[in-house]
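Chains as they are written, first to last, in numbering that gives the first Met the number 0: chain Y, 0 to 280; chain Z, 0 to 126.
These are calculated hints, taken from the structure and not from any lab test. Treat the hints with care, as some may be off.
As the list claims (entries may be wrong) - As a list, the in silico DSS-like pairs of lysine-lysine whose alpha-carbon atoms are at most 27 Å apart:
| no. | chain 1 | residue 1 | chain 2 | residue 2 |
| --- | --- | --- | --- | --- |
| 1 | Z | K110 | Y | K66 |
| 2 | Y | K201 | Z | K21 |
| 3 | Z | K111 | Y | K222 |
| 4 | Y | K237 | Z | K103 |
| 5 | Y | K113 | Y | K66 |
| 6 | Y | K200 | Z | K87 |
| 7 | Y | K85 | Y | K66 |
| 8 | Y | K154 | Y | K110 |
| 9 | Y | K165 | Y | K201 |
| 10 | Y | K232 | Z | K110 |
| 11 | Y | K232 | Y | K201 |
| 12 | Y | K110 | Y | K92 |
| 13 | Z | K21 | Y | K231 |
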Amino acid sequence: MKFILIIFLALNSNFLFSSSFEDKILYHYKNIELQLNAGTYESNSAIYNFLGISYLNGFFEEKYEGKKYWAYFDADADKACLYFTKSYEMGDKLGGGLLGMLYLNGTGCNKDLKKAIKLLKPVRLDYVDTASSYGLAIHELIRNDESLKNKLDIKNMIESLEFGAKNNQIPALNSLYQLYTEGKFVNTNQKLANEYRKKAKKLIDEKIRLQNAINDATSNLQKLNATANNQKKIGDRKKFLFSLGIIATAFYFSQPAYQNDVCTVSCSPPSAVDLMNWGIL
Amino acid sequence: MKKISFCLFILIILTSCVAPPKIVGDFISRDLPQNCQQLFLSFNYQESANTSITSHAFFAVGRTDDEQIAVCGASWGGKLATTALQIKSMALSKCESMRINYMKSNSQVVKKCDIYAEGNKILFLNP
């Protein structure tokens, strides 16, 4: 009995104890977070940035053997703000930039444009996102309060937005379209404004097309898996019938009659002669 | 002695049957990206592809807008325990799964996966 149990466990250990790679990623990072909060994990700004980005997106991203995996959970922007703040307090410029973006959008941290500008300025041309966000923060601030126009650097705003626009940042393109159309803070240039608008529209269309393709692939995947599962049942039935056939054949040929080549009468199973004698044939 | 010779003979036969015909090998080396070539030439796929009497083997690919193959998926199984539709669906399913991953990672559209080969028979390659 024990032997059977051991064999059963050995055969099914993979099924019983394994979990998906995504579950392992989730467990791994949630465990790191717990240790960080308990002070038992050596903290560094990179891990705070990673946790902050993950909480903002609602998934942990891990690359393994050239393939990306996403372990999903509920997004929590408040936690993102907390972790970016910790990273910034450790002197991390990227952490500061990411925190600035949250202050700009009021996501997780209370909206504060002046704070956003202060945090984004040191990294405004280091990353595409921060460049775009820095320009957007100044634009939003001066649109709300034109008296600040002279205190803020319009040239830096345009430079940052252009850097973002060059790198396909849609908000930066929209902002530049507005700036060159209105002509409040820069000279009006409708031709340039339309170019920015055209590029933004193209990028938006591409994004929509990509999202539709992802939805289409997800739907295809579900249908194909359903078909494969249905067909697997047919395959399993075939396998079962074939196994029965093998067992029956093995049983048939293991009978004494087939171990003795010359059995013609009173055979088990009955021979043709037996059947004729019994009047069946 | 006879049994050992027989086993050796079977082993040689089996190991010699795990490569595609030269024309197919040349074609896929030009047409498929490296990771898909590896999958196509993998032992399991080629073993099934070369025993088409007893096995099903399907290879699916997804292409970008410029018709370059970006993603792929393969599946195989014995004819006694599986159906052709099951293996075909599984190959397409693996390809679609890779397609989602590729599009999310690269922000580039990949068209719907299609069956590229049944065993070593590439569907649009003339013999």
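*Under the criterion that the straight-line Cα-Cα distance not exceed 27 Å, is the pair K85(Y), K66(Y) satisfied?*
Given pair K85(Y), K66(Y) is violated - Cα atoms ~30 Å apart, limit 27 Å.
*CA of K232(Y) to CA of K201(Y), is that 27 Å or under?*
Distance ~47 Å between K232(Y) and K201(Y) Cα, so the pair is violated.
*Please work out if K201(Y) and K21(Z) have their alpha carbons no farther apart than 27 Å.*
Outside the cut-off at roughly 45 Å; violated.
_Proposed proximity, K87(Z) with K200(Y) (alpha carbon, max 27 Å)_ = violated (39 Å)
*Would you mind confirming whether the straight-line C-alpha gap from K21(Z) to K231(Y) stays at or under 27 Å?*
Not satisfied, since the Cα-Cα distance of roughly 34 Å exceeds 27 Å.
*When you check the alpha-carbon spacing of K110(Y) and K92(Y), does it fall within 27 Å?*
holds (20 Å)
*asked:* Hint check: K111(Z) vs K222(Y), CA-CA at most 27 Å. Holds or violated?
replied: Answer holds: K111(Z) to K222(Y) is near 13 Å, not above 27 Å.
*asked:* Need the status of pair K110(Z), K66(Y): alpha-carbon distance at most 27 Å?
replied: holds (19 Å)
*When you check the alpha-carbon spacing of K154(Y) and K110(Y), does it fall within 27 Å?*
Distance of about 24 Å is within 27 Å: holds.
*27 Å limit on alpha-carbon distance, applied to hinted pair K113(Y) and K66(Y)*: violated (40 Å)
*Straight-line Cα separation of K165(Y) and K201(Y) no greater than 27 Å?*
holds (14 Å)
*Straight-line Cα separation of K237(Y) and K103(Z) no greater than 27 Å?*
violated (39 Å)
Hint compliance for this structure: hints 2, 4, 5, 6, 7, 10, 11 and 13 are broken, all remaining hints hold.
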